[in-house]
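There are 2 protein chains.
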Amino acid sequence: MAKLVECIPNFSEGRNQEIIDGLVATAKSVPGVTLLDYSSDQSHNRSVFTLVGDEESIQEGAFQLVKYASEKIDMTKHTGEHPRMGATDVLPFVPVKDISMEECVQLAKKVAERINKELAIPVFLYEEAASRPERQNLAKVRKGQFEGMPEKLLEEDWAPDFGERKIHPTAGVTAVGARMPLVAFNVNLDTDNLEIANKIAKIIRGSGGGYKYCKAIGVMLEGRNIAQVSMNMVNLEKCSLYRTFETIRFEAKRYGVSIIGSEIVGLAPAKALVDVAEYYLQLEEFDYSKQVLENHLLG
Amino acid sequence: MAKLVECIPNFSEGRNQEIIDGLVATAKSVPGVTLLDYSSDQSHNRSVFTLVGDEESIQEGAFQLVKYASEKIDMTKHTGEHPRMGATDVLPFVPVKDISMEECVQLAKKVAERINKELAIPVFLYEEAASRPERQNLAKVRKGQFEGMPEKLLEEDWAPDFGERKIHPTAGVTAVGARMPLVAFNVNLDTDNLEIANKIAKIIRGSGGGYKYCKAIGVMLEGRNIAQVSMNMVNLEKCSLYRTFETIRFEAKRYGVSIIGSEIVGLAPAKALVDVAEYYLQLEEFDYSKQVLENHLLG
Numbered sequence: 008m009a010k011l012v013e014c015i016p017n018f019s020e021g022r023n024q025e026i027i028d029g030l031v032a033t034a035k036s037v038p039g040v041t042l043l044d045y046s047s048d049q050s051h052n053r054s055v056f057t058l059v060g061d062e063e064s065i066q067e068g069a070f071q072l073v074k075y076a077s078e079k080i081d082m083t084k085h086t087g088e089h090p091r092m093g094a095t096d097v098l099p100f101v102p103v104k105d106i107s108m109e110e111c112v113q114l115a116k117k118v119a120e121r122i123n124k125e126l127a128i129p130v131f132l133y134e135e136a137a138s139r140p141e142r143q144n145l146a147k148v149r150k151g152q153f154e155g156m157p158e159k160l161l162e163e164d165w166a167p168d169f170g171e172r173k174i175h176p177t178a179g180v181t182a183v184g185a186r187m188p189l190v191a192f193n194v195n196l197d198t199d200n201l202e203i204a205n206k207i208a209k210i211i212r213g214s215g216g217g218y219k220y221c222k223a224i225g226v227m228l229e230g231r232n233i234a235q236v237s238m239n240m241v242n243l244e245k246c247s248l249y250r251t252f253e254t255i256r257f258e259a260k261r262y263g264v265s266i267i268g269s270e271i272v273g274l275a276p277a278k279a280l281v282d283v284a285e286y287y288l289q290l291e292e293f294d295y296s297k298q299v300l301e302n303h304l305l306g
Numbered sequence: 008m009a010k011l012v013e014c015i016p017n018f019s020e021g022r023n024q025e026i027i028d029g030l031v032a033t034a035k036s037v038p039g040v041t042l043l044d045y046s047s048d049q050s051h052n053r054s055v056f057t058l059v060g061d062e063e064s065i066q067e068g069a070f071q072l073v074k075y076a077s078e079k080i081d082m083t084k085h086t087g088e089h090p091r092m093g094a095t096d097v098l099p100f101v102p103v104k105d106i107s108m109e110e111c112v113q114l115a116k117k118v119a120e121r122i123n124k125e126l127a128i129p130v131f132l133y134e135e136a137a138s139r140p141e142r143q144n145l146a147k148v149r150k151g152q153f154e155g156m157p158e159k160l161l162e163e164d165w166a167p168d169f170g171e172r173k174i175h176p177t178a179g180v181t182a183v184g185a186r187m188p189l190v191a192f193n194v195n196l197d198t199d200n201l202e203i204a205n206k207i208a209k210i211i212r213g214s215g216g217g218y219k220y221c222k223a224i225g226v227m228l229e230g231r232n233i234a235q236v237s238m239n240m241v242n243l244e245k246c247s248l249y250r251t252f253e254t255i256r257f258e259a260k261r262y263g264v265s266i267i268g269s270e271i272v273g274l275a276p277a278k279a280l281v282d283v284a285e286y287y288l289q290l291e292e293f294d295y296s297k298q299v300l301e302n303h304l305l306g
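Taken in order, these protein sequences are the chains called A and B.
If you read the first sequence in the numbering used here, its first letter stands for residue 8, the second for the next number, and so on.
If you read the second sequence in the numbering used here, its first letter stands for residue 8, the second for the next number, and so on.
It is worth saying that the hints were derived from the structure and are not from the lab.
Keep in mind that a hint or two might mislead.
Identical copies go unnamed one by one, so any copy, or any two together, can satisfy a pair.
DMTMM-like, lysine to aspartate or glutamate: derived pairs with alpha carbons at most 20 Å apart [claimed, not checked]:
1) K209 - E25
2) K260 - D197
3) K297 - D44
4) K297 - E270
Please put together the full structure from these sequences, using the hints given.
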């Protein structure tokens, strides 16, 4: 079985179609890499790509994209709402199939080293690949953004993991990391009271004392006039979708509110949903890797 | 995306390890075909293989196996509990990915024609590939078994779909067909009363007025001393696992009995389980083919 790795580079360009097309062409030009999805946001001036490939190909694909972005995107001219510090702003690798997190960390470090060596872009390692705890959190690493980076790199604690204490003049700084697959999971309530969704979000999320691997906020769906608990599930092995769903159900009951539906935004690994089926059907001794037909079909 | 087809040939040999090994070697020798699983039963004297491959390769793989079986298995010497009429007894094709049932029917007919032309084995088409309604049911086609076939083929209604009214002297007759994927799904009850499982099975199965695409019987799990509703779900598009599960739950309530667990025997397509998750999470507008990561990974 081939080891499969996902890579989700974020580029600081969401407006210039020529450059976006160039990134797409670059992604498609690397053998063994499949471009699953990409989307650009005008107001953020940012594009998010989702690639998948075997262990070797994904490294080559990621590097070629970072190279292309460094040649075409000039951060000294970049404006946009989303925080950013580099032409390729972040480059996370995610284990998909038959590969461990530790292997993804090693692979992230190899790509990070090559980016610095061949393109002279300083690199921070983040999340699971971080070299120290305070660098796990991307927001902390990126604080100061592109404009503040020349100064930040000179601070005692902020020498890059690869490269010197000096930004690339136009491509800035890149964060390279490894993380678990993430699922965006939203649960809709039969209330127009945002306060209730906010209270439930606070209870359910790790930062509020809830599930460690769940991030949550309350949001209002204006078009439907209903409140929603909007979640990022960041470790589906440690916290499955059914668990937050059932918790939201019993917490909402206190307000006389029920769940009227849910949604998954973007991609989800099949296992995240099969885990849910296993729970509700009370399946005994189900072996995901052996009993799901498709697991025998992936190269 | 490559079209993927499953093929589940049943061979009338479950005792001679040399012949079984030869079948395995033959299955593995055809490029583009993957042998997912095989099992042999001594008392049935029968082996069931599960292969998968693209549209062209699976035809070649199926044919080569039928050819090997016709050379090695002598039906005049075959004994075993399971009904059978040929060296390759049945050869069903199942659509797995990006292929319609109609395409599987066409493919089954092509393989059937080749089997007759090159190996001189008469072939009946069955299930979705059947040439007339009374040939859909395999049990009816196979009635009379190997020993009764010479006579049966001479009956007015039983001319083979391919070939003359004369069995292959040692390989007999083969049934080639197309059908939907099938899932073996068993639900365990917290009772030692087999009668209750039998009553629920009767209510739930198509032949008893229940769900058309569900076959069910009550069985006793001797080791655990509990009764089980044992089902074959033969069309998961038309009847999902959660539907029979919830029906068993409310029917069992009448006897004060609850569900204590369930099991899936063998392989299940991921979609069968994702459908279950969609139901229980009340997912709105979930697009299986686009939103499940793995669906982008299959060649």
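Each hint tested on the structure:
1. Proximity of K209 and E25 under a CA criterion of 20 Å is satisfied in neither setting, with 42 Å inside one chain copy and 64 Å between copies.
2. For a Cα distance limit of 20 Å, the shortest separation of K260 from D197 inside one copy, 11 Å, qualifies, whereas the shortest one across copies, 30 Å, does not.
3. Proximity of K297 to D44 under the C-alpha cut-off of 20 Å is restricted to the inter-copy arrangement: shortest distance 10 Å between copies versus 28 Å within a copy.
4. In this homomeric assembly, K297 and E270 come within 20 Å of each other (Cα to Cα) only across copies, at 14 Å, whereas the closest approach inside a single copy is 28 Å.
Checked against the numbered hints given earlier, this structure breaks only hint 1.
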